[in-house]
Amino acid sequence: MSTFVIGYYALLIGASCLAAYFNKRNIFILVFSLTMISFITGIIGGAPALRFITTAAGMLALAAGTSYAFREFLIIITPEGVSKELRTAPLTAAFGMFVIFTYALAGVFAPVIAPFGEAEVISSAFAPPDETMLLGADQLGRDMFSRIIYGARNSVGLALLATMLAFIMGALAGLLAATKGGWFDQFAGRLADVIMSVPSLIFALLMLSIFGTNLAVIVIVVAVIYSPRVFRLTRAVAGNVVVMDYIEAAKLRGEGTWYLIRREILPNSTAPLIAEFGLEFCFVFLLIAGLSFLGLGIQPPTADWGSMVRENATLISFGEMTPLIPAAAIALLTVAVNFVVDWMLFRSSGLKEV
Amino acid sequence: MVPKRDVLLRISDLRIEGYSDEKWVEIVRGVDLTLHKGEVLGLIGESGAGKSTIGLAAMGFARDGCRISGGSIEFDGMELTTTPESDLRALRGSRIAYVAQSAAASFNPAHRIIDQHTEAPIQYRIQKRVEAQEDAMQLYERLRLPNPGEIGFRYPHQVSGGQLQRAMTAMAMACRPDLIIFDEPTTALDVTTQIEVLAAIRDIVDQFNTAAIYITHDLAVVAQMADTIKVLLKGEEVEEAPTEEMLDSPKEDYTKSLWAVRSFQRPQKHRPKEADAIPIVSVQGIDAAYGKTKVLDDVSFDIYPGMTVAVVGESGSGKSTTARCITGLLPPTKGQILFKGEPLPPRYQDRSKDQLRQAQMIYQMADTALNPKIRISEIIGRPAQFYGGLHGAKLKNRVDELLDLIELEPSKFYNRYPPELSGGQKQRVGIARALAADPSFIICDEVTSALDQLVAEGILKLLDRLQQEFNLAYMFITHDLATVRSIADEVVVMQRGKVVEQGPKDEMFTPPHHPYTDLLLSSVPEMDPNWLTTLLEERGTDAIGEAADV
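Sequence lines, in order, name chains R and A. Be aware that the first sequence starts at 1, since it is given in the UniProt record's numbering, and climbs by one per residue. Be aware that the second sequence starts at 1, since it is given in the UniProt record's numbering, and climbs by one per residue.
Do not take every clue at face value.
Residues from chain A that keep clear of chain R, each with C-beta distances beyond 10 Å, as calculated [said to hold, decoys possible]:
#1 Ala104
#2 Glu244
#3 Thr333
#4 Ala393
#5 Asp400
#6 Arg433
#7 Gln453
#8 Glu507
#9 Trp531
Lysine-lysine pairs mimicking DSS-like chemistry, simulated, CA-CA at most 25 Å apart [to be verified]:
#10 A:Lys234 - A:Lys340
#11 A:Lys394 - A:Lys373
#12 R:Lys180 - A:Lys353
#13 A:Lys273 - A:Lys373
#14 A:Lys23 - R:Lys24
#15 A:Lys234 - A:Lys23
#16 A:Lys373 - R:Lys180
#17 A:Lys340 - A:Lys498
#18 R:Lys84 - A:Lys292
#19 A:Lys23 - A:Lys256
#20 R:Lys84 - A:Lys353
#21 A:Lys412 - A:Lys394
#22 A:Lys353 - A:Lys396
#23 A:Lys412 - R:Lys84
#24 R:Lys180 - A:Lys340
#25 A:Lys461 - A:Lys334
Think of the hints as simulated: they come from the structure by calculation, not from any bench. From the three backbone atoms N, C-alpha and C, an ideal C-beta is built for every residue, glycine too.
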């Protein structure tokens with residue numbers, strides 16, 4: 001039995017004894033069940049299995065610690081009102097915010113962070129990682145790490161742009177439809193039905209084949225595809241607001257539609273809209289990644305996570321994990337955004353008021 | 001008085017905590033209560049006094065976000081605070097029943113009334129389905145519901161509010177419980193409907209010798225129902241005494257203030273004598289309809305400057321619709337509305353800014369009438385900015401001035417949001433918003449009916465003071481005749497979209513009346529504990545079921 005295994009069990013048992021002594025029931029249950037599981041995995045898998053558990057637990061603890069520290073940091077630097085809200089954020093949400101923050105940093109300072117250009121060929125194809133290339137080279141010998149960093153800028157930036165456009169179109173139409181009603185409501189509603197009745201990926205492929213695949217077209221097509229969902233949500237939320245007496249009071253005051261929308265309705269519908277923004281962002285991001293994977297999205301040599309997965313896909317058969325890295329980047333961002341959105345949904349649904 | 005009987009429910013030193021702002025706050029602080037078999041106890045107090053919380057605790061139940069933190073609840077020898085949830089559930093519905101304030105919201109709209117009625121007896125295996133249905137029909141008959149054999153097979157939306165409330169009482173009786181908790185069962189009903197429900201509840205409680213806790217904020221109602229009255233304030237008991245003793249000689253100051261609250265009355269004003277006086281608003285023969293349903297039929301009345309015209313009637317009589325016609329939200333199909341002698345465009349969109357400014361409105365529900373996401377300063381300041389073009393320091397001065405007028409301290413309330421205010425404060429802000437436009441005519445749509453009596457009195461006094469200060473004309477929509485008595489100069493009585501009687505207040509409150517006015521007036525509960533009995537004798541028992549259909 002190696003010293004590692006002895007130390008491992010000694011630590012766990014010591015921790016559970018301490019927890020039991022200080023009457024921390026939850027911690028004790030957690031630590032002691034981990035000890036029991038370790039016994040079984042230790043017998044089956046030996047020391048490597050225990051090492052794996054240690055690494056995983058360490059990673060988890062590191063993530064939790066980072067999230068906690070990041071949340072405290074945000075609470076300190078933000079003004080009074082925001083920090084009060086942040087205090088209610090669970091660790092998952094803090095983790096999500098930290099990941100988004102990291103991605104944003106990578107995207108904004110891509111040229112500073114990345115050691116090489118995104119289209120720069122520096123090595124042979126599929127070269128393994130070394131000191132200069134952290135993650136090895138791709139199918140043309142470009143630095144994988146640099147391309148991931150640039151990909152954050154391209155993929156995320158594009159998705160953000162498309163989501164924002166979808167929101168501006170959808171929310172504006174939804175608010176107008178709820179306030180005005182009548183023929184505009186009918187027209188916008190039916191138009192949304194038509195767009196939603198066509199499967200989004202097929203619709204995007206069709207539009208991109210017709211109009212070509214430049215960035216502006218991608219953004220507009222994706223925005224058009226996703227705006228009906230925003231329209232429906234906004235119209236439903238605003239529909240509940242426009243029947244309130246304060247809207248009637250504002251109308252009787254003689255206020256114009258724009259004032260009604262901006263000052264009276266919008267402040268009362270922001271919470272679900274922000275939550276929806278996070279969700280839509282994930283869908284848009286995945287759609288763009290999917291389009292790139294199919295070769296109709298962002299065009300080479302621009303680095304993009306979706307197309308990077310496709311270009312390196314052949315490596316999978318050699319047991320290499322290179323194509324999984326951009327895929328993991330996509331997955332991590334989606335999970336992170338959803339963590340944050342979950343928290344916001346929880347807040348806006350009023351569940352916090354026990 | 002109540003003879004000595006077995007104790008059914010004994011609550012001692014009950015403490016209940018509610019969770020708010022991330023800490024537990026005590027909302028019921030050590031209340032004792034003893035209820036004998038067959039006794040009716042009235043719990044009375046303002047909102048937030050903990051009445052409903054205590055009522056639910058009598059079933060061993062605490063709402064979400066509340067917990068029973070101390071004391072004991074002993075029901076027929078059983079300690080409810082320590083009884084497991086499964087046993088409590090068996091108790092609820094079978095031995096303790098609950099009648100909620102809004103029957104319309106408490107019935108499941110997707111099931112027939114009788115199916116919901118028979119659910120508990122069948123579940124507890126007290127009766128078979130057929131027996132339970134027959135029993136239900138008998139109960140419906142006892143509660144004088146029309147067509148007792150058939151009414152249960154309707155869906156909740158197919159019967160009227162008063163009938164539904166009686167059906168709910170019948171449902172509570174289904175298992176012949178020992179204790180029923182009535183949580184404001186008539187608060188949402190019109191006075192005329194209220195009587196039938198009160199009579200029905202009293203009858204059935206007497207017949208089955210059921211004990212009851214009757215929760216209400218209306219003293220006159222509780223005087224009819226209860227043997228004993230307990231007054232609560234902020235989760236603590238103020239005093240408890242047998243009904244007659246309590247009404248005749250209340251001991252505590254708070255109780256006396258509750259009793260005295262309806263005493264506010266201002267001198268009545270009369271129309272100007274001159275023949276050429278122009279009414280500020282003149283409604284002339286208007287008809288109105290929602291789709292094809294006609295809701296107003298030839299409504300006419302005048303409102304003179306500086307006077308208060310009360311429009312009274314049951315719900316559905318067209319009071320609020322008249323207001324919607326005057327504001328231009330619902331263009332009348334016939335007739336016209338003159339404002340200071342000039343015809344008003346029927347649609348508000350076609351009216352000039354000045355016409356809109358002069359007629360303002362105060363709403364019933366201050367919660368929905370104030371935008372929760374806008375600061376008080378902007379809510380009040382916006383009309384001043386919109387109509388008067390005020391900006392910067394001038395606007396701030398105007399808002400401060402208005403806040404002073406409604407007796408809210410400017411420095412404290414300037415930057416607050418509506419959800420941070422109490423009900424009465426919100427209603428005051430609603431008044432300030434109307435005043436900010438500098439109007440000459442204000443429609444008050446049931447402005448006090450959602451408020452506690454003491455708060456409502458404060459609002460009425462404020463409205464009266466403002467009227468004298470600014471020579472405002474009010475159209476006061478209400479179903480509460482006590483309010484009419486205290487503030488109105490003239491009264492318009494409406495029924496089914498028609499004006500049945502109108503005239504100065506003193507004439508309206510002295511006989512002879514139109515039969516409908518008479519019904520309305522006589523249906524207002526009085527403090528006399530024998531009022532209901534006397535009234536029912538006068539009207540004859542059979543008249544009760546038809547009272548609502550007059």
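Each hint tested on the structure:
1. Ala104: Since the minimum Cβ distance to chain R is about 19 Å, A:Ala104 lies beyond 10 Å and the statement holds.
2. Glu244: Non-interface label stands for A:Glu244: nearest chain R Cβ at 42 Å, farther than 10 Å.
3. Thr333: holds, 20 Å
4. Ala393: About 22 Å separates A:Ala393 from the closest Cβ of chain R, which puts it past 10 Å; holds.
5. Asp400: holds, 21 Å
6. Arg433: Label violated. Min Cβ-Cβ 7 Å, cutoff 10 Å.
7. Gln453: At roughly 23 Å from the nearest Cβ of chain R, A:Gln453 sits farther out than 10 Å, so the non-interface label holds.
8. Glu507: holds, 33 Å
9. Trp531: Given a closest Cβ separation of 36 Å, the condition holds.
10. A:Lys234 - A:Lys340: violated, 48 Å
11. A:Lys394 - A:Lys373: Measuring from Cα to Cα gives roughly 24 Å; hence the hint holds.
12. R:Lys180 - A:Lys353: holds, 20 Å
13. A:Lys273 - A:Lys373: Violated. A:Lys273 to A:Lys373 sits at ~48 Å, over the 25 Å cutoff.
14. A:Lys23 - R:Lys24: holds, 22 Å
15. A:Lys234 - A:Lys23: Holds. A:Lys234 to A:Lys23 sits at ~18 Å (cutoff 25 Å).
16. A:Lys373 - R:Lys180: holds, 22 Å
17. A:Lys340 - A:Lys498: Holds, at about 24 Å.
18. R:Lys84 - A:Lys292: violated, 53 Å
19. A:Lys23 - A:Lys256: Violated - the C-alpha atoms of A:Lys256 and A:Lys23 are around 34 Å apart, more than 25 Å.
20. R:Lys84 - A:Lys353: violated, 42 Å
21. A:Lys412 - A:Lys394: Distance ~19 Å between A:Lys412 and A:Lys394 Cα, so the pair holds.
22. A:Lys353 - A:Lys396: holds, 22 Å
23. A:Lys412 - R:Lys84: holds, 21 Å
24. R:Lys180 - A:Lys340: Since the Cα atoms of R:Lys180 and A:Lys340 sit roughly 32 Å apart, the hinted pair is violated (cutoff 25 Å).
25. A:Lys461 - A:Lys334: violated, 37 Å
Hint violations for this structure: numbers 6, 10, 13, 18, 19, 20, 24 and 25, all remaining hints satisfied.
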